[in-house]
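Order-wise, the sequence lines are chains A and B. 0 is the number of the first residue of the first sequence in numbering that gives the first Met the number 0; add one for each residue after it. 0 is the number of the first residue of the second sequence in numbering that gives the first Met the number 0; add one for each residue after it.
Since the hints were made in silico from the structure, they are not lab data. Here a beta-carbon is modelled for each residue, glycine too, at the ideal position from N, C-alpha and C.
The calculated label-pair distances, taken between Cβ atoms and stated as ranges, are:
| id | chain 1 | residue 1 | chain 2 | residue 2 | range |
| --- | --- | --- | --- | --- | --- |
| 1 | B | PRO68 | A | SER250 | 42 to 50 Å |
| 2 | B | CYS44 | A | GLU50 | 48 to 56 Å |
| 3 | B | ASP638 | A | ARG319 | 53 to 61 Å |
| 4 | A | ILE27 | B | ARG192 | 38 to 46 Å |
| 5 | B | GLY81 | A | LEU63 | 51 to 59 Å |
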Amino acid sequence: MRVLLRRAVFYLITAWAAISLNFLLPRIMPGSPADALIAKFHGKLSPQAIEALRVLFGQSDASLWQQYLDYWKNLFSGNFGISYAYYPTPVADVLASSIGWTLVLITVCTVLGFVIGTGLGMIVGWKRGSWLDGLIPVTTLLSSIPYFWFAICVVLIFSIVLHWFPLSGGYSVTETIGWNIGFIGSATYYAILPALTIVVASIGGWLIGMRNMMVTTLSEDYVRLAEAKGLSKRRVMVTYAARNAILPSFSSFAMSLGFVVGGSIVTEVVFNYPGIGTVLFKAAQAQDYPLMQGIFLVITITVLIANMLADLMYVFLDPRTRES
Amino acid sequence: MAIATATVADAESGETDTPTSRFAWLRAFRRPWTLAGVVIVAVFCVLAIIGPWIAPYDPSAVSKQTLAPPSPEHWLGTTQTGQDVLSQMLYGTQISLLVGVGAAIVATVLSVIVGLAAGYLGGLSDELLSLLANVFLVIPALPLTVILASYLPKSGSLGIILVISITGWAWGARVLRAQTLSLRKRDFVEAARATGERTSSIIFRDIFPNQIAVIAASFLGTVTGAILTQASLAFLGLTNVTEWSWGTILYWALVSSAMLTGAWWWFVPAGLAIALLGTGLSLVNFGIDEFINPRLRQAGIGTRKAQKAQARAQRAKIVRRPARGRGERAAHRPFDPATSDVILRVENLHVDYIGESSVTPAVNDVSLALRRGEVLGIAGESGSGKSTLAYAITRLHKPPAQITSGRMLYTNPDGSVTDILAMGDSDLRDFRWEELSIVFQSAMHALNPVLTVGAQIDDVLRAHRPGMSQAARAARVVELLGLVGIQTDRVNAYPHELSGGMRQRAMIAVGLALDPEIIVMDEPTTALDVVIQRQIIEKIIELKDRLGFAVVFITHDLSLLIELSDTIAVMYAGRVVELADASEFYRNPRHPYSQGLLASFPTLSGPKRELAGIPGSPPDLRRLPAGCAFAERCPLAFDRCHEVVPELLKLSGPAEWRQAEAACLLYEGDGTAPDRPAQDGRDAVEMEDAR
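Chain A with its partners taken away, still in its complex shape (with noise of 0.2 Å):
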């Protein structure tokens, strides 16, 4: 367990990174963010709004070691200051609304990219050499099509053109927010386009990964033995070539995983899906930097934690770093 005690500490120094980096940008760009946003809000703010906006972009008269100190206190008090883009709604508010609506989309988006590509790549990674290699060009190209582009597309064909799907939206607005199945069942449905999008639009990078781990390990001593020994093909290929062939999926998750996160977050805009990407690209759109700083925190502890969840996969996979 030693692994996954160092694995702990390396995300909790990289939470620390992220954070204190999202401290310093304002304070080291160019330019300065808060009096931007005082000026475009000129008397509409509360003096307490705009010392809260100093606290967190700087140019407050305390000291940079005072005003880090502060910024770690409003963290951890869920402050994360006033959204301007939806003003005056917290920030923290704004991103509890959406956080769900992108984590249970991405989470069910990524989980099937993954197992689709890479259960194709390792059928086609066995059948090296045979016509299914035609594949990879075309699988390459997929995954070289930019997320939101895709959106557009198939937008244009599914709703606009056959009107299968829904414009845009997260849920049809007669239903009423809850665990309700109308509610459910419309969620679904409105999820249908935009989660074809990011599977499709992911499964080419895994596929294609996949399969040039799974040549790799076709050729190691254990798998030409586990032939020598007459198993079955199917045991050959999974239990002995997969089995081993996935494990370097799953320590370059993290890298996978971001590439997968930033085209889901454009991806949403396309849709004006309700969840986080939608609110960063209006929050992007009207600088409204609190907001910003809130999304970039809340999907980089997601997705720390995606990874260590991809770690302690790792682990029970690999008994190699399961030692003392």
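The hints should help you fit chain B onto chain A, whose structure is shown.
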């Protein structure tokens, strides 16, 4: 594309095929897909340079022709304000590529500096730099770039380049660090350090050039990523939206609701361009990947050809095979050369390696016979084809290796004879391990690292004895481990938890699982130290005497082989050059090559003699000489040796001799050598002087 580069990290294990030239990677461009990628990328680069000149309109100029579909005037139609989409695309190519390449250059320089420094310096600087890289890898890049870009309001391309590089360097740095670490341990770098070269000059003269391929792969990957990120940022309106790039076009298309009006021509070209360029870059990268990782390359070369040929060869064979039921095996008798019957007969076996441009005959017309309970030792230098022969007997060859002709006749327990090469998939699966098992050289690599030792024996039993209960299987696993001397509490140990000797014992236990007739052992003790080696050999001899299986034992350790074997076959350049009774072979080796081999080993007993090696080195199998392959190095060669390939000849001699055969023209005619050559090694030394 992100995950595809993951394999790069594994490249360090692919040392089997070291490139001979620094420019060998250029060969990768011969693959059609790689070439297609290069062409795509080149076309976009040209467009990026000449785009603004050939654009038919000013991309920002509005006109009355709004939302016009593609027409001869506007090839890609117009936008809501009547701007020409083609012109926007051409201008956009320039900005998108500029940002992509610019960001990739900055990021690659950063990653090279960090990666080389961390990998070479090691210690605390490595820890800190790796931590930094890992932190940047885990922080999701897009939200960070969004924030950075938004602090640089309406910044130009330069700002975007910097923002993207900040998040894009970490992966390359990590890969390069791993590469540097492995290179640092290589001999030539150690040598440079020993001679007191300066650190910077070692890094730039010895390490950097060896990483060009990895750096190129990481550079191209970053270009793709940077173009995508720029498009995303522009799409979110975070770049200067009046500066035309592919992302800006998509931004205006979205905010003008182009999809609602069905103006597909407005947004389709920009996305396609990104996808196409990304594909081109990835295809080039696959070419580089295959260069870095030879295993990927092998998967492509000659595969189809070899598989077809193998299928054809299988169809052509006649299956002489009665319905097989595994009867009780006859109680084993000790091996006796006069009475034991032949269990495996290899006839005229040829195995070729199909290369990109050449065919390498690794096993060339080999015929052997193995009797029940016999230990057949196969000796030879590396590259002589002995391991290829072992794999051929078990039919484990994968393309590019290919069995081109020959037969391997196995005598079943019921007396019927089967050609192993003619077996279909399911027959082969039944045959394997039941009749013939194999023990590999490195148990470290031959045992599945994620399964326990017990599970790797259990799955054989499960596959071949479907009727066996779980309890019976578990009992058998314990019994087998006990047989090879592993404590039974290690059943649930993973291979990495065992010592090298234990792992090799476990391998042998796996090999014994079904009580096979033949066990092929491919250098089973080479990787072990001498004491453990001795224990394992004794265990093998003990088990063989108890269980009565026949062994094909392959090694380059001749003294071990002489002690262990009943019969010895010496291989040279893919052929068997001598086949003889082990003790007779030791006393009186016949082939000049065998004489040379024996002369290069010391003996504990027997008279003192000078040790001598064999001058020269084995021939290149792709360009075998016309006559005897050994003639070049042979102290006794005469003119005809360079013209005629010698057949394996039965030698005459004292009556107690058994099947001594040698492939040497010295024994042509009556089968006796004109004069028995000295074997005390002086000749070889004299020969070397003469050369």
